[in-house]
Amino acid sequence: MTALLNAVAYDAWVLHALVWLPLVGMAWVLASSEEQAKHVAFRVSTALFVLSLGLWSAFEPGSAELQFASSTPWIDAWGIDYALGLDGLSLVLVLLTTFTMPLAILGSFRYIETKQKGFYALMLLLQTGVVGVFAASDLFLFYVFFELTLVPMYFIVGIWGGERRVYAAVKFFLYTAFGSLLMLVAILYLYVQTRGDLGYASFAFADLAQANLSLNEQLWLFSAFALAFAIKVPVFPLHTWLPDAHVQAPTPGSVVLAAVLLKMGTYGFVRFLLPFFPEAAQHPTVVTVMIVLGVIGIVYAAWVAAVQPDAKKLVAYTSVAHMGFVVVGVFALTVNGLQGAIMVMIAHGVSTGALFLLLGMLYERRHTREIADFGGLGRAAPWLATAFVITALASIGLPGTSGFPGEFLALLGLFETHPVLGVIAATGVIFAAYYMLPMVQRIFFNALDRDENREVEDLSGREIAVLAPLVAAMIVLGVFPNAVFERTEPTVRAVLERVEAAAPAPAVEIGMDTTDTDEEGGR
Amino acid sequence: MASAVVLLAQGGQEVVEGSAAHASFDPLLPGLIVLLPLIGFLVNGALALSHAKKSADAVRVGEEYDPHTGSGGGRDLTHTLPSWIGPGVMLGAFILVLANFARMFGADLHDPVVLEYWTWMATGTLEVSVSLQLDPLSMIMMLVITGVGFLIHVFSVGYMKDDVGYPRYFAYLNLFVFFMLVLVMGANLPLLFVGWEGVGLCSYLLIGFWFGDREKSDAGKKAFIVNRIGDFGFLIAMFLLFTVFGTLDFVAINAGAEASLVYGGAMVTAITLFMLLGASGKSAQIPLYVWLPDAMAGPTPVSALIHAATMVTAGVYLVARTSVLFALSPVGSVTVAGIGAATALFAATIALVQTDIKKVLAYSTVSQLGYMFLGVGVGAYAAGVFHLMTHAFFKALLFLGSGAVIHSMHHAYHATHSHEDAQDMRNMGGLRRYMPWTALFMWIATLAIAGIWPFAGFFSKDEIIWYAGASAVGPFAPLYTVFWVVALAAAMLTAFYMTRMMVMTFHGANRTGEEERGHLHEAPLTMTVPLSILAFLSIFGGWINVPEKIRTSFLGGGGALPMSEWLHDWLDPVVHAAVVVREEALVAAGALAGQEHHYGFLEHAPVGGGELTWALISTLLAAAVVAGTFILGARWAIRPAKESAPLAGVKKLLYDKWYVDEFYDAVVVKPILGTSRFLWRWIDRGIDFVVGGVGGVTKGVGWVGSLVQTGSVNVYAFVLTAGVLVILWFTRF
Amino acid sequence: MNAVLALSAVLFAIGTLGVLVRRNAIIMFLCIELQLNAVNLALVAFSRAHGIDGQIFVFFVMTVAAAEAAVGLAIIIAIFRHYETVDVGSFNLLKW
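Protein chains in written order, with the working numbering: chain A, 1 to 523; chain B, 1 to 733; chain C, 1 to 96.
If we strip away everything but chain A, and leave its shape as in the complex, we get (with noise of 0.2 Å):
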C-alpha cells in the first residue's frame, strides 16, 4: 500500500486533488443530463472518498507536523499563500468529511426530485469548502473556504428545504455572517499586528501563533473568534439558528450540516482558539465562561429536545448537546479532554448524521416528522428500526459504540479540571437516555395500529448501502477507538504545550474589564 503511494507521489497532490476535483466533479455534473446527475456526484464524492482513504495509511502517526504540506505564493504582496497541510485533527476530519458526502449524496436519491443537478453540483461545491476548510494552512485561505461553505448551504436549505425553507436559510446565513464578519476583523488586527512582529507579511498558522499580543489584546481577538466559531457550533445561547435549519433543510443538507459543518466550529476552537491567544484561553473567566456555557448546552439542549414534537427537531438539539461536550473538552485544557472533545466530533457525525439520513427515509415514507404519527414501525420495518436503534444507542454513548470513548474522555478531562462542573456536565448522560428513547419507543415501538405505518417499506438496497457503513464506523470506532487517538495525541499535546508554555494570567493588570469579557465569550 505505501509503495504503491510512494510510487504514484500521492503526499505531493492528494491535498489538492482532495480540495480541487470536486469542482471538476461539479462541472461534470452541470455537464450531464438532469437524472444523471446524482449518479455522477456519487461516483466523483465515492472516488473522492476511496482517494482519502490513502491519507489514513501514509499519515505519520506520532508527528504534531504538518503532513502532506505544500504552499505557494498566492498575494504575494500581503503574503498571502495557497498552503494545505494536514495534522492528526485535520487529517480525522478530512475523512469524516470525504466519508459523509457520498453517503450524504446517496441517502438523497429520492429525496431530491427537483432541479438535481443544481443540487449535486451544490453539493459538490461545498465539499471543496469543507475539506478546503481543514486542510488549509493559512488563515486568509481557510476564512475564503470557512466563507465558501455557507453559499451552496444557503441555497441547499433555501431551495430543496420544507416549508420554511427561506426563513430558515437567511436565519441560517445571517447568525453566521455575522460571526464570520467579526472574526474577518479579527484576522486583519492579527495579521498587521504579526507582520509588525515578524517583520514580514504572512497569514500562515504558524506565523500568526507567534504575534506578541497583550492579554488585553488577546482577549478581544479570542472573543471575535470565540464568536464565530461559537455561532456554528453552535454554543448556547447561540444555538437558536440549528433546529430551524435542520428542520428545514432537506435530509442531505441536514447530514452534511449536522455531520461536517458544526465541526468547523470546533475544529477552529482548537486550532485558532487555543494556540493563537493562550493566555486568553486559559484566562480564569474565560474558561469557566465556556465550560458554563458548553455544561449548559449538554443540559438544556437535552432537556429541550426531549420535549419536541418533531423527530427531526429533537436531533437538532441533540446535536446541541453533544456540542457541549466538545466545548468543555477543549475548554478543560487537559489532554484527555481534548481527545475527547475530537472523538466526540467523530462520533456525533457518524451517529448524528446517520439519525438524520433514517429520520430522511421515513419521511420518504410517511411525509411527515411528527414523532406522535409513528409507532409500531419495528414491525413492519425491522431492518430500519434494527439501525435506527444502534445508531440511537451509539448517540447517547453506549459504551461499545463510538459515542463513548468521546464522551468519556470529554467528562473526565472536564473532571480533573472543574470537577463540579464535570458532575453536572455528567448528568448529560442521564439525559441523553431521557431524549433518545422514548422518541424511539414511540416512532418503532408500541402498538401498529395506523394503516399508514402498516404501510411503510423496509430498508431498499440503496438505503442498506448508506446505512452499513456508518453502522461499522460506530461499532469499529467504538471498539478501536484509540486508531484515531493515536493520531490526534501530538496535534493535542502541541496545543496544550502551547497554552502552557504561555505565562499564567496575571490577576489584575488587565485594561478590559473582566465582566466584559463574560459577555464576549458567552454572547
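A hint or two may mislead.
Claimed, not checked - Simulated restraints, written as ranges between beta carbons of each label pair:
1) T288/A with P646/B: 52 to 60 Å
2) L7/C with W729/B: 22 to 30 Å
3) Q210/A with G695/B: 33 to 41 Å
The set of hints was computed from the structure by calculation and includes no laboratory data.
Treat the numbers as computed from the prediction; the structure is a model and nothing was measured.
Cβ coordinates follow ideal geometry from the N, Cα and C atoms, glycine included.
Following the hints, put chains B and C in place on chain A, whose structure we already have.
Okay, now just chains B and C, sitting in the frame of chain A:
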C-alpha cells in the same frame, strides 16, 4: 476486526506474571469464552433479521406470521436454527469455563491473571486496554453466568418456541451473556462499564421484547433510564478514581488503595458512595429499585436470567471487586449495608400482598439483593457472593418454575380464548395436580429461599444475617444491630410470602375455570430438565460454604455430610486485603479490645448467642412460619381475580407498593418534563425573540428610510436639484 | 465670454426646470439633453481661456450622451409598450 477475533480466540498477552513459587494459572482460550456468545449473537441476529423481513411482509398484508408453516412449507430454518445455536454457544462457553476452573485448582491464585488484547483508549494520561482478568471471583461469576445461563437457554427453547420473535430472542439473550461476561471478566473499570451498560441495553431490549405492547416497552425504557442514573454515579466514581490513581485497572487500584487513600477519608467515601449509586441502579436497591418490578414485562426466562440470576447481581460483584475501597470507607460500607437492609425489608413488605406471581418473585429478588448488599456492606464479601450464587440457583428455579406455570396457564386461556390474567395467582390454585414436577421443584426453591436447613439458601442467608450481627462493633455498632434485626425480620417475611405464593399457586382448589382446567398440563422436558438441575443445586449448592462451627455440629451431620468452607477460601485472594483493612482499623480504634473476634467479626450476636445458636433459631423460626402459613393458607378463601374485591387499608398501601412510583412521578418525572417544556417554550423562543428583535430593529430603520423612496422620477429629480442648490448655497464662498 | 456663459446658464436652468416640472418622459429626456449641451457650451467657452482640455471633455460628453440617449429611449419605449403611457407620474418603478 478480524485480527481482533483471531487475537481473542488465541488468548491475549499475559501482563501480570504469577509468583515463581507456584505454577501460575494458565488459562485456556479465555477470549473464546467471551467470543462464543458474541458469535451466537451475530448468527442469531442475522437469522432474526431475515426472519423479521418475512414477518414484516405478513404484517403488511395484515396477517400474523406463523413460523411453523413458513415459506418453504416445512419449518422455517430461521426459526429452528436458533434452538441449537443459542444454547449451543452457551454450552461451549460453559465447558470452556469448567476447563479453566479445573486448571485453577492447584495453581497459585494470589495474583489475578490479566490478559491484554488491544489498547482501547490511550490518551497519554489515561491508558485503558481491552484486557480480561481471571481470578477466583470472576471465575465464580463466569460459572454462574454460563452454567445457569445455559440452563435458562435450554428452558427458553421450550418456553419461547411459538413466539414470532424467537430468533431475535436468542440473539438478545446471547448478546446479554456476552456483555455479562465482559462485565465480570473486564480487567478495568471502563471495560466493566462496557458490560455494565451492555447488559442494561439487553435488559432494555428483552423487557420490551414484545415491543408492540405500550406497557412493556415503557417498562424497558424505564429500566434503561433508571439504570442510567446509576451509571452516572458509576462514571463519577471512575473519574474520582482516576484523579487519585491515574489508572482504572483493578489490579493497580486494589494494590495502591491503602497507600493512596486515607482510611475513612472524604475521597474514598465519595468514591464508594458514587459507586453505590451505580450499584443500586443495576442491582435494584433503594432508591433506584423501581425498574425491576416493571421489568417483569419481559419473557419469564429473561426475568430468571437477567433480573434474578446474573445482571442484577452486578452491583454486588462491583462492591466485592472493589472491596478494598469499601473497607477503607466505613461510612460507605455502612451505607451499603443500610441500603441493603432497608431494601430487604421494604421489598419484602410489598411482596406480602402481590397477586401477580412474577411480581412476588420480583420483589423477592429485590429483597434478596438487599441481603447481598447487607453482606458486602458489613464486610462479609464472601458471604455476599455466596448468597449471590445460591440465589442464582433458587431464584432462577423459581422464575423458570413460574414460567412453566404461566406457560401452562397461558395455553389454557389461549385454548378457550379467555382474556383472564395468566399470571394472577388468584386464577391458579391446585396446580400441583396438573404439574407435579414443577410444584416439587418450586417447593425446593421456596424452602431454599425461606432459609430452611439444609437447602442452599439457609447457609448463605444465615451467614449474611450472622455477619450483620457479628459486625456490630466500632462506631456504627448500633446501626449494625438494627440491620441484624431487620434482616431477621425480613427473613420471616420471606418465609411467609413465598409460602403464600406456593399455597395460592399449587394448593387448594383450582380457580382457573371449568373449561380451562382441561388444558393445564405439565411443562415439556426442555423445561423440566433444567428445572431439575437447578433444584439439585438449590438443595446442595449451599454445602460448599459451611462454616466450621456449623459443619461439625449436628446441622452438618456432625461433620459426616459432604460440606466444606470451600468458597470462603476460594475467594480469599480477592477479598483478603479488604477484610484485613477492616480488622486493622477496628483494632487501631480499640473497638475490639477485650472481645473475642475472628477477623474483626464478633463471636456473638448483639444480644448474645453464638453462630450455631442463631442459625438454629433462624431456621426454626422460618420453618415455623412456612408451616404456619401452609396450614392457615388451606383455609384462605381466595376468589378468582375477576371476582375479587378491591383491597383497602394497609393491604392496599402495600399492594400499590407504597406509592413510590407515583411519588417519583410527581417529584422527579413531572417537574423535569415541565421544566423541559418551559425551557423550550420560553427560554429557547425567548432567545429567538431577542435575535429576531435585532433583525426587527434593523428592518424598522430600513422601513423608515424607505418612505423617502417614492419611486417617482419627478420627486427624485426635485430632491436632487434641491440638494445641489443647498450645497451650492453653503459653498458659495 | 460672459455672454456665452450666461447663455449656458440660462439653457441649463431651462433644462433643469423642464426636468422638474414636465411629466412626459420624452420631454424630460430632451431637457436632460439640453442640460448636457449647456454644459458643453460652457466647456467650450472655458477652453478658449484655459486650453484644449475643455473641448476634449465635450467630445467625451457627446459620446456618453449618445449612448445615454440610446439606452434612455429604449427604456422609454419599453415602458410605453408596457403601460401605453410615458407619463412618469403614473409609475413608481424606482421604488423596487
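Hint by hint, here is what the structure shows:
1. T288/A with P646/B: 52 to 60 Å: 57 Å, holds
2. L7/C with W729/B: 22 to 30 Å: 24 Å, holds
3. Q210/A with G695/B: 33 to 41 Å: About 40 Å separates the Cβ atoms of Q210/A and G695/B, which means 33 to 41 Å holds.
Violation of the numbered hints given earlier is absent; every hint is satisfied by the structure.
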